[in-house]
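**Student:** What follows is each chain in one-letter form.
There are 4 protein chains.
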Amino acid sequence: MSDALENAKPFHAHPFDDDKLREECGVFGVIGVTDAANFVALGLHALQHRGQEAGGIVTHNHGTGFHSARRFGYVRDNFTSAKLMETLPGDLGIGHVRYSTAGSKGRTEIRDVQPFFGEFSMGGAAIAHNGNITNAEALRRELIDRGSIFQSGSDSECIIHLMARSLQRDIPERMKDALRRVEGAFSVVAMTRTKLIGVRDPLGVRPLVLGRIGDGWVLSSETCALDIIGAEFVREIEPGEMVVISPEKGVTSHRPFESRQSRFCIFEHVYFSRPDSILGGRSVYETRRQIGVELARENPVDADLVCPVPDSGTPAAIGFSQESGIPYAMGIIRNQYMGRTFIEPSEQIRNMGVRLKLNVNRALIAGKRVILVDDSVVRGTTSRKIKEMILDAGAKEVHFRIASPPTAWPCFYGVDTPKREKLLAATMSEEEMREHLAVDSLKFISLDGLYRAVGQGEGRDSNCPKYCDACFSGEYPVEPFDMIERGFKLKTAAE
Amino acid sequence: MSDALENAKPFHAHPFDDDKLREECGVFGVIGVTDAANFVALGLHALQHRGQEAGGIVTHNHGTGFHSARRFGYVRDNFTSAKLMETLPGDLGIGHVRYSTAGSKGRTEIRDVQPFFGEFSMGGAAIAHNGNITNAEALRRELIDRGSIFQSGSDSECIIHLMARSLQRDIPERMKDALRRVEGAFSVVAMTRTKLIGVRDPLGVRPLVLGRIGDGWVLSSETCALDIIGAEFVREIEPGEMVVISPEKGVTSHRPFESRQSRFCIFEHVYFSRPDSILGGRSVYETRRQIGVELARENPVDADLVCPVPDSGTPAAIGFSQESGIPYAMGIIRNQYMGRTFIEPSEQIRNMGVRLKLNVNRALIAGKRVILVDDSVVRGTTSRKIKEMILDAGAKEVHFRIASPPTAWPCFYGVDTPKREKLLAATMSEEEMREHLAVDSLKFISLDGLYRAVGQGEGRDSNCPKYCDACFSGEYPVEPFDMIERGFKLKTAAE
Amino acid sequence: MSDALENAKPFHAHPFDDDKLREECGVFGVIGVTDAANFVALGLHALQHRGQEAGGIVTHNHGTGFHSARRFGYVRDNFTSAKLMETLPGDLGIGHVRYSTAGSKGRTEIRDVQPFFGEFSMGGAAIAHNGNITNAEALRRELIDRGSIFQSGSDSECIIHLMARSLQRDIPERMKDALRRVEGAFSVVAMTRTKLIGVRDPLGVRPLVLGRIGDGWVLSSETCALDIIGAEFVREIEPGEMVVISPEKGVTSHRPFESRQSRFCIFEHVYFSRPDSILGGRSVYETRRQIGVELARENPVDADLVCPVPDSGTPAAIGFSQESGIPYAMGIIRNQYMGRTFIEPSEQIRNMGVRLKLNVNRALIAGKRVILVDDSVVRGTTSRKIKEMILDAGAKEVHFRIASPPTAWPCFYGVDTPKREKLLAATMSEEEMREHLAVDSLKFISLDGLYRAVGQGEGRDSNCPKYCDACFSGEYPVEPFDMIERGFKLKTAAE
Amino acid sequence: MSDALENAKPFHAHPFDDDKLREECGVFGVIGVTDAANFVALGLHALQHRGQEAGGIVTHNHGTGFHSARRFGYVRDNFTSAKLMETLPGDLGIGHVRYSTAGSKGRTEIRDVQPFFGEFSMGGAAIAHNGNITNAEALRRELIDRGSIFQSGSDSECIIHLMARSLQRDIPERMKDALRRVEGAFSVVAMTRTKLIGVRDPLGVRPLVLGRIGDGWVLSSETCALDIIGAEFVREIEPGEMVVISPEKGVTSHRPFESRQSRFCIFEHVYFSRPDSILGGRSVYETRRQIGVELARENPVDADLVCPVPDSGTPAAIGFSQESGIPYAMGIIRNQYMGRTFIEPSEQIRNMGVRLKLNVNRALIAGKRVILVDDSVVRGTTSRKIKEMILDAGAKEVHFRIASPPTAWPCFYGVDTPKREKLLAATMSEEEMREHLAVDSLKFISLDGLYRAVGQGEGRDSNCPKYCDACFSGEYPVEPFDMIERGFKLKTAAE
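Protein chains in written order, with the working numbering: chain A, 1 to 495; chain U, 1001 to 1495; chain G, 2001 to 2495; chain V, 3001 to 3495.
Each hint should be verified, as a subset may be incorrect.
[To be verified] Lysine-lysine pairs mimicking DSS-like chemistry, simulated, CA-CA at most 25 Å apart: (1) V/Lys-3466 <-> U/Lys-1083; (2) A/Lys-176 <-> A/Lys-249; (3) U/Lys-1491 <-> U/Lys-1422; (4) G/Lys-2083 <-> G/Lys-2419; (5) G/Lys-2083 <-> A/Lys-83; (6) G/Lys-2387 <-> G/Lys-2020.
It is worth saying that the hints were derived from the structure and are not from the lab.
Please read all numbers here as calculations on a predicted model, not as lab measurements.
Taking the hints into account, I'd like the entire structure generated from these sequences.
**Tutor:** Put into C-alpha cells, the structure is as follows:
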C-alpha cells in the first residue's frame, strides 16, 4: 500500500545521481552518555555521504520509554531543531541514514525509514541495518502466511518479525535466531531498553566499528563519525561477530554464525567510505592515493596536466601526479551550491545538468593535454559530458584514467546499482568504451592493481579472494536468491 | 514508542474543548463510483464534527492496488489538494475522521490515524472504526505474546492482527472471527480489493447508515454525509449486522453475533450528531427542539428572554421559547473565526478564553431576566464563565436550563469524557451545582423527559432501557474490562 | 510590478464569497497598555469579519523603535505565535484586517497589506484605513510626477506620500494636510512614536469608536472589539473629527474638514457589522430583528415555517417570526468547517459549492410552505441554489423575504461589489427577479422600511438622507472620481 | 522599522562564517533571450558564492509589465520551482544575490533584498548593485527631508530615489544624474522596459563583465556565470563606464564620470571570485596557485606535507607544493553536508563547530611536519581550532602559510568585515599572532609578493597602486564618509 505524499522528499544534491554506484545506508549507535540523541545526530551527519534521502533516530529513556523520529532530508536540516531533539531523551540511542532499500520498489515512504521498532513481551527493541537481505522476499511471504502484518516495504522489517516469533525469551538471543534465517550483507546496530547491540554478517561485507567515549560506547559504520564526537577508535567489529554492550558489563562478544572467509566490499575503499575514515588499519585517502600511483604505473601517458573529476577522483589524481611527475591542477571546479532542478531555458544549454555542478577552468585547460582521473565509470553518461566540456574549453587531448576496474555487474549487498544492461562495461570492451566516450585514451586500473593498492601485494588470489568484488568480477559470495527468482542470470562458465 | 513530531497538529477550533463530551470518530465508505476518494473526502467533511484532529482515506484501484493518505487537521485543509487526491485513485474507498482513541494515552501520532491496513496472504484489507474496544489492552497483550508487531497505539489495530491470525481464508469470514473476540462499541467500515463492508456491534451503540448513489453504495456514520454527495438514504445498518457490498452482488446481510436488545447512544440525539441528520427516522434538530419543549414543561420559569448557548443549545432554546412563550433572542454571539491560542496581554482579561469565541449582546441583555439553554454540563467551567459575562452585561437574573440529565459517569464507548471525579454531577447535587455556578436557577431535563423527547412516550423502562444512557445512569451495557483492570469502580447497589 | 508568490494566500472560508457585498477593512489601535500588540491581535480577531485576507500590526517601543508584521490569512493563525508576538514590543500599536483594496487590481501582495509606514524627518508614522479614496489614482499620478516612489498598489499609500511632502513639521498637522487632499470614505487609525490618532471622513461613512481600558485608550471599527479586551465603550468618533491621543494629555479633538451632513453607511446595519456591536446607540442585532419586523409588516405571507439563510439572515428571521406568528425553524444547517475547494467527483453533484457549507434539514422541510429570510440579493446565484435544495427536500412553497432593498448600484466607499451589470437588481424588476429565481414570492424591504428599522420613524428624507444608501438609491454622496475617469456612468435624471 | 519574521532565513552553510571576509553581492542581467528569468536563475546560481542569504529576480514582459520575486535562501531552493518561474515571464531580466548590506544594521528583511524597483512618470526601472555607497546615510537624510519615503534599510535604495527626483526625462540620463551623487564602490545592473544597463564606479572596485548569448547580451559579476549558460565572454565593463544595451541598437558605451586611475579590489583575486572565473585576462585559479609559488619563495620551511585549509586554500597549497617540492596532501577533509546548528551534547565536544565541517585525516597526519596553507587570517578563531585538531591527530609541527598579507583594516566597499578591533592583525604583530595561534611558524605573503602574483612584476607602486588594497594597507581610495561620521578613524601618518 503506498502512503501518499506522507512527507515531501528533498531533491538530491549528489553530483551525478544517476551515474554513480551509491552506498545505501549508514548506522550509528551510542550507550552510556547523557543526551544520546545529540551524539547520534552528529554521528549521522558525519555518515551523511552513505545515505542522503532520510534519517531516523530512536532513543530510550528510563521513565518515558522509547522515543523516535524519522525524517526525509539531511540530518542537518532535521535533527538540529531543539524542539525535535527534546523529544528524544535518554542515554542510549541508535540512528540510520539511508538512500533507498532494495525492498521499496521505487518510492520510499516515511515508514520505510529505519530504525524499525518492535514491542515484544519482554520489552521493545529497535534495529537499523546497512546492507541488503538477499532472501527478504521469500521470508516476507512466509511471515505473512503465519499472520505477521508488515508496516513497511523494507527488507529490514523481516528481522523484527522473525524476532517477534522466536521462541527465545531474551532479545539478543532472539536476534541471533532471526539473523540465522537471513542471507546477504548486513551490519546491524540495535538496542533494547538497556543494551546496545552490533552485528556484522559472516562475510563482513559492510563495515562496522567500535569506539569509546568517556564511560560510553559507540558503534558506527565508519571512523569519521567517531572523530566528529571526539570518540576513540577501539577496533572493527569482526565479520560474523555480535557485540552486546551495556554500561555495567561493557562489551561482550558472541559468534552466532558458522565461520567463513571474510569478503569486505572493496568498493568501500574506492568510493563509498569517506577519505578521512580508517578501513583495515589504513587511511582511505592514502589507499585512494595509492590507487592513483598503481594506475600511473599500469597506464602511463604523456600529458601536461593531471586533473581530478571532483571530488571523488581527487586522491587518485594526486597519486597519479606524484607517480608520473605530471603537474596536478584543478581543471574542473565544482559548484559548492549544487542543484539539479533548474528549469532549462528555451535556448537549450549544452550539458546543462553537468554545468550546474561543474565548470571547466577554461583559461587553464586551453591548449593542454589533460589526464582526467575519475573513481569509476558506471553508465558513462557523465564522463561523456565532462569530456565535451573539456574539449569545448580548448583541451588538445583528453585521457581518462579510472581508479577502479570496469563495473560490469550489479551489487545486491546494499548498493544502488543500475540494471546490468545499463552498465557500460557489461556490454562494451575497454576499446569500445573509449570510442563511445570519444577520448584519446581510456584506461582502468586492473583488479590485481586494485588489490595491490589496498595492501594485497600479490594482487587478487582468484581461488580465495579477500574482498567482495562482485561488481567487477561477477563472483557473488552470497547467492542473490530474490533476484534470481525475479530472473537475474548469474555469470556463466563461458563469461 | 512515541514518534516525535511526525506531523504538526492543528489547534482545535471547537468552542469549549475541555468542557464538552466529544464524539471520537466518524466513518465513511463508498463503492461503485468513479474517483471514490473525492466522495470520501466530501463525506468526511460532512462528518468533521465527529472528529477534528485527523483524517485518513484508503482507496483501491485495479492495477495499482491500495493507496492511502493520513493527515492531521481538517479534511478541507488536506483532502482538497489535487496533488494529494490524484494519489488516491480507484472506485472503492473508505475514510475516517477522529478525535482521539482510548488507546493512545495522550498524544496522537500519524500512525494512529485510521484506516488501518493489513496485507494477508489472500490480499489486503483496510478498516476504520467508530467506537471503542473495551478489551483492547487484554487482546493486545495476547497478540504480542504470539508474535504480532503493533504499529500504533490504537485499539483498532487489534482487529487487523486478529484477522491476520484467523484460520479462515476469506476476508469477511476473518473479520467475523476477529470481531467475535472484540468487546465494546464499534461501527466498522472496511474494504477489500473488491468489497465494501459495514458492521455494527450487537448493541448498535454507534450509528451507521446505508445509502445509494447511482449504481454505487455508501456507508456513513450519519445521513448528513449522504446529503452532501446527493446520495439517497436507504436504511440504518442494524445492531449486530454485517453488510458485505460489491457492485455485482449488491448488499448481502450477515448476523455474526448473538442477538441482544439494542442500546443506541442517547447522547447522539442530545449533542453528537448533526441537527440535519436523521436518527431512528427522526430529524435530530426536531428531537432537540422537542427536548426544549419537555424542558420548558418540566422546569418553567418567568423571564424576559430565552437565549441559547451557541451553537449546540439553539434547537432546544427554540423549543423552550415556543413552549413557554418567552421570546427567543441571540443574547450570545459566537465569533465565526474561532481561536484558542492568543497570548494573554499583561493586563489580565477576565474570561479571555471564552471571549475569543463568544460575546454577549450587551445592549440586548442589560436589565433582562435571561434563560440560558445549553446542551449539557460537564465540568461546569464554561457555564460559570458565560454566566459571569451575562451578569457583567447587566442581566437581572440568569436561569440555566440544560437539555440533558446530569452527566455523572464517563463513557467508555468511543466518547472522550473527563475522569469521573472531574464531572460536576458526579460530586454535587443539582442544588450544589446551582450554588457552584451562582445562578438564580439551574434545571436539567429528567431522564424520563429525555426518553419522551426521543419518542419513548412512556419514559425510560428501567428494566429494559432502549438506549445506552450510562453517562447519566451509570448502567454500562458492556462491562468496561480494560478500565476495571486499571481501577475504575462500577456503580454500587448503594448509589 | 507584481511580486510573485511572496506569500501563499489562504482560501476564503466565507460562505458565499461571490454573492455578498463585503466590507473591506477593519482597524484597531491602542495606547497606554503593556504589550499593545496582544491587545491589537485580539481586537483584530474580533474584527475578522471585516476582512479575512490579511492582517498587519505595527507597534512602537521606546528604545527599539517601530516594529511590524504583516501576514496573509486569519489573525488566529498568525498573531497567536509567541515567536511572532515577541517581535512586536511596545505600549502603542495599531492593526488592520483587510479583504482587498480598490487599488490592487486583482491580486493582493504582502506589501499592499496595511498598516503603511513612513519615515519623516521628524520621525515615523504608521497608518491604517478602512474605506476607499475615490481620487487615489489622480493623486498617485501627481505624486509620481513629483518624485515619489510607491511601494504598493494600495490607495492608502497616497496618504503617507502626501504627509511626506507636507510643509508642516508636526505629524498630526501633516496628516490634516494630507487628508484634505483626499476624497472618499475613510476611517483612519494612525500612530507616531508617542500618539494614537483617529480620523473619520466628513461624511462619517465608515464607523470608528473610542474605548477606554485602564489608563489606556482604544480606537476600533466596532464595539465588539472593545468587548473582547474588556474595554469600556466611550463614544463614536464623529464624522469629520480627528482625535489625537497620548497617555499624558488624553484625547484632544480636532475638526480639520468643513462641516457637512453625515452619511453613515446603512449597510453596516444590514450586514457588515457584527450583531453584538452597537451602532448609533443601538444593538445591531436588535436593528436587524426590527428589519424582520418591518419586512413582515410590509410583505406578509401565509406559511408554515420562517427559516433564516444562515447566519446573516438569522436576526431578521427571528423578527419576521415574532411579528408574523409563524414558527421560526432552522431549516438550513450550516457546516461549521467550511471549505470551498474540494475536487468535484466525476459524477457531478448538484449545487456542490453550496452543499459544502449548507445542508437542508430534510425531515423538517418536507411538505412545508417555507419563508426564507436573507440579508440581501447581490448576483442571485446563491439564492437560486438554496431554493433548489429546499425544493429537492420536498418543500411545498418557497417565499423569499430580503432584509434590504434591491442592490442596484456598486459601492465605491470601501466595499467589494461586483460591476453594476452583475447586480441582479440593476437589470431586473422585482417580478423579473422572482421569475429568475423561480420562487413562489420574493419581496424586499422598502428603503423607507429600512430607514424606519434603523430608527428614522418617518422613513427616508429624500431631500436630506441621513445615511449613505448609494447601493440602493444610486445617489453617491461623494463623486467617485477615479471610477468616472474609468468610464462609470452615474445615475441619470431618467433613472 | 523592522518587519518581523516576514520570511524565515536559512542557516548559512559557509564553513567559517564569522572568520572570513565575505563578498556581499553578485549581479546578473540578460536581454534578448526567451525566458530571461531561467537564465538569470542559472547565472545567480553560479554567483551564489558572492551572497548566500537571499536572491531576487525582476523581469519585464511586453503586455504584462514588470514581474519580481525575492526570496531568502539559496537560488537552487527557490528559483527552480516551475510555479515560481512561470510568474517571471519576459525576455529581459536582472537578478541579485546578497549577503547583507551595510545599511541594514543587523537583520535583513525581505524588502531589503534587491533588485529595487521604482515607477517613474516615463515608466519603471529596476536596479541591483554590488558594492557599497559610502555616503548613503547622508543622502538618505537629504531625501527624507525632501519627502521621499524609503521602503528598505538598504543603501542601494538611494539610487532609485535620486532617479525619481532627477530632472532628466530619460531613464539612463536619470541614472547618470543619480550615480554622480553617489560615492563608493558599485557595479550596477539595471533595466527599463526595453534596455539592460550596466555601470561600474570610476575606480572599478567591483567586477562586471559583458557576455554574448545568441542574439542577446549578458552582464555578470564574474565570467563563471557566463559559462553556466554557455555565453561567450566579450570583455570587462571598464571602470567609470556605463553600457546601455538593447536588442536593436546593441551595446552603447557612456562615460558619465570624471576619469581616474582604476583600483580593482585585490581580494577578488585572493578569495572572493570563483577559481574558474577570469579576472583581468587571467584564470583566478592560476593567480592563486601563483600566490602559493610566491609564498613558498618568500617563506620556505622544511616539512613533510603541504595541506590546504579546504576549500579556499587549495590552489595556493598546490602552488606552494610545486615550488617547494614538498608533497601536497589532503590532510583536512571537508564534510560536504555542512551544518552549523547541531545541539551540543552535554559532554562537551572540543571544537565542535569546526568538526561539523572539517575532519583531520588522522592516519595521514600522525607524526608529520605539516604546512597548512590558508587564504587569510581575519579573527584567527578558526585557525586556532584547526591547529588544535591537527595537533590532536599527532602532527609533529604545524606551519601556517597565508595567501594574503595581514588583514588589518575593515573594507567599506561591499565586503562584510568585522570591526577593526576584532581583526587579529590590527592589534598584533606577525610574531604575536604566531604566539597567539601557538604554531611553529606563521608567515603571510608580502603586499609586494601579492602584487607580483597578480601580474605586477615590480610589486606595489606605493605612489600609484593599481589595486584597492585598503584592507591590508589602510589606504582608502574613496573616503568612507558615513563611517567617519560614525567615528571611524583613518590611518594616521604615524601608523
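**Student:** Decide, hint by hint, whether the structure agrees.
**Tutor:** Taking the hints in turn, this is what the structure says about them:
Only pairs whose Cα atoms come within 25 Å are accepted, and V/Lys-3466 paired with U/Lys-1083 is rejected, the gap being roughly 59 Å. At most 25 Å may separate the alpha-carbon atoms for a hinted pair to count; A/Lys-176 and A/Lys-249 meet this at roughly 20 Å. Our distance criterion of 25 Å between C-alpha atoms is met by U/Lys-1491 and U/Lys-1422, whose separation comes to about 16 Å. At most 25 Å may separate the alpha-carbon atoms for a hinted pair to count; G/Lys-2083 and G/Lys-2419 exceed this at roughly 42 Å.
A distance of roughly 13 Å separates the Cα atoms of G/Lys-2083 and A/Lys-83; the hinted pair therefore holds under the 25 Å criterion. At most 25 Å may separate the alpha-carbon atoms for a hinted pair to count; G/Lys-2387 and G/Lys-2020 meet this at roughly 17 Å.
Hint compliance for this structure: hints 1 and 4 are broken, all remaining hints hold.
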